[in-house]
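A.B. asks: Chain by chain, the residues:
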Amino acid sequence: MNIMSAETRVAAFPPALAVDGVSHAYGPRRVLDKVSLTVPQGQFTAVLGLNGAGKTTLLSLITRLFDTQSGSISVLGHRIDRAPGEALRRLGVVFQARTLDLDLSVMDNLLFHAALHGIGGREARRRGMAALADVGMAERAKDKARNLSGGQMRRVEIARSLLHGPSLLVLDEPTVGLDIASKQAIVTHVRSLVRDRGVGVLWTTHILDEIEPSDQILVLHLGKSLARGVVSDVVAASGKDSLRAAFAALTEAP
Amino acid sequence: MSDLTLDAPPRGFTLGQFLICLRGIMWREALRFVHQRERFVSALVRPLVWLFIFAAGFRQILGVSIIPPYETYVLYEVYVTPGLIAMIQLFNGMQSSLSMVYDREMGNMRMLLVSPFPRWFLLVSKLLASTTVSILQVAAFMIVAWLWGVDLPPWSFLTVLPALVLCGLMLGSLGMLLSSMIKQLENFAGVMNFVIFPMFFASSALYPLWLVQQSSPVVYFICRLNPFTYAVELIRFSLYGKLDFLSLAVVASATTVFTIGAILAYDPARGLLVRRGGGAP
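Chains as they are written, first to last, in my numbering: chain A, 1 to 254; chain B, 255 to 535.
Please keep in mind that the hints were generated in silico from the structure rather than gathered at the bench. Please read all numbers here as calculations on a predicted model, not as lab measurements. Errors might be hidden in some of the hints.
Claimed, not checked - Computed from the model, here is a short list of chain B residues facing chain A with C-beta under 7 Å:
| no. | residue |
| --- | --- |
| 1 | Phe287 |
| 2 | Val288 |
| 3 | Arg293 |
| 4 | Ser296 |
| 5 | Leu298 |
| 6 | Met365 |
| 7 | Ser369 |
| 8 | Pro471 |
In this text, a Cβ means the ideal position worked out from N, Cα and C, and glycines have one as well.
Looking at chain A on its own, in the form it has when it is part of the complex:
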């Protein structure tokens, strides 16, 4: 019988993302205060927060657009500040703002992303077509990105973020501005990535309908972590009967 120590298990299966005591300030303005969070592999974790909660700053730190001022962030055990290359190559990201180059075709956008991860030639094209097929956009590969709808652009961005085979996918309010059908398609696809490929997902949102009872959540408000855990536990701890009521109680002004 193969008995594995706790340390060995942690080393062998590190969480997709570990955020530990992260604080951040823009000058005198503190926007994150000792935030901690873990996203296990193959788990959907949501960061819930109103506008200005610090969600986008947290994602900027996870993707190393900014360096952490205090605390630590690791992707699959690789510290983002000490080994940024190793951490970033295991990370896929979909930003809230559209990041496709509108002048390029859909496939050219994907090939550019592949090159930024050191993947070129036929392999990049093969992966590009496979990723587009997964989101039902293969037939639009040659179209200019500017000719896509908002929902289609988002699907292409998700396909692009998966091109290099990341273990962690980070999405910043990916359904904002989309119609109901597009929202549903994106939520369903991302959940299938968790289920079928074991990708760890960090999803920031203020739309509570996107959360399922079995999800892990972190409630963020004005830069502070107010609650953390499985949805049912957070709801029970708040003494309310639904996530909506618990979220409202946690984030309402004192």
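Dock chain B against the given chain A, drawing on the hints supplied.
C.D. replies: Chain B in isolation, oriented as in the chain A frame:
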């Protein structure tokens, strides 16, 4: 569902992967350039207007004595050509800066910055891509100038090529540094007023410095401090297969300083983008 999720990737990147990344960045810059035809046309028309109209007017009123690298009297068109070549690279550098600010506002810049390759490598690759585009513009300009009758040595494009690479890097890195300081696209007009025009006019691009010195020692002093003057002179000498060591030293030093400045400005820990607060790049 496809098999895109892979085993754990090996640590680090191979030289081949670095080259793939460099090629990808250059290829994207080239594609954007091809798609933005107006950018190419305006890059070509701007110096040609100076050559066809300004130089024709000044030919009769501005005398150019025999100064190195020239071995005889030259027409004003010949004198001004290196300045116009440098002007193409100056505008291209600032255009790249504008495009970086635009990319930042539109969010495209983030995709570059979250690449796992070292950030210095990504920024230098972008500089090389922008320099390559500026050299293509210069090549087109030199062909038209030659057809217009500007007398340049037949091998001048080859001898000037290293100077174009260095000057393109200097002006591109200056543009990159400026792009980190510009918060919004609207503020870019300030770059025209406070960078492009002063750099171009307070240099040896349009008139020899000895003429400037006769008119105003103060302006002459400013021209001598302007790195663009040395870019113009480096190009001027190189067109005739000669090397001006002072210009080479100043341009190489300025390139180093601007490039390091740009890399620091885009550094996630120390950069200006972080210090000034607010949104991500």
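A.B. asks: Each hint should be assessed against the structure and marked as holding or not.
C.D. replies: Against the structure, the hints:
Hint status for B/Phe287 relative to chain A: violated, with the closest Cβ pair at about 10 Å, above 7 Å. For the restraint placing B/Val288 at the interface with chain A, the shortest Cβ-Cβ distance is roughly 10 Å, beyond the 7 Å limit, so the hint is violated. Hint status for B/Arg293 relative to chain A: violated, with the closest Cβ pair at about 11 Å, above 7 Å. Violation of the interface hint for B/Ser296 is found here, the shortest Cβ-Cβ separation to chain A being roughly 17 Å, above the 7 Å cut-off.
Evaluation of the B/Leu298 hint against chain A yields a violated restraint, the C-beta minimum of about 20 Å exceeding 7 Å. Checking B/Met365 against chain A by beta carbon gives a least distance of about 5 Å; that is within 7 Å, so the hint holds. Annotation: interface hint on B/Ser369 holds; nearest CB of chain A at approximately 4 Å, less than 7 Å. Contact between B/Pro471 and chain A, as hinted, is not supported at the beta carbon level, the nearest pair being about 44 Å apart and thus beyond 7 Å.
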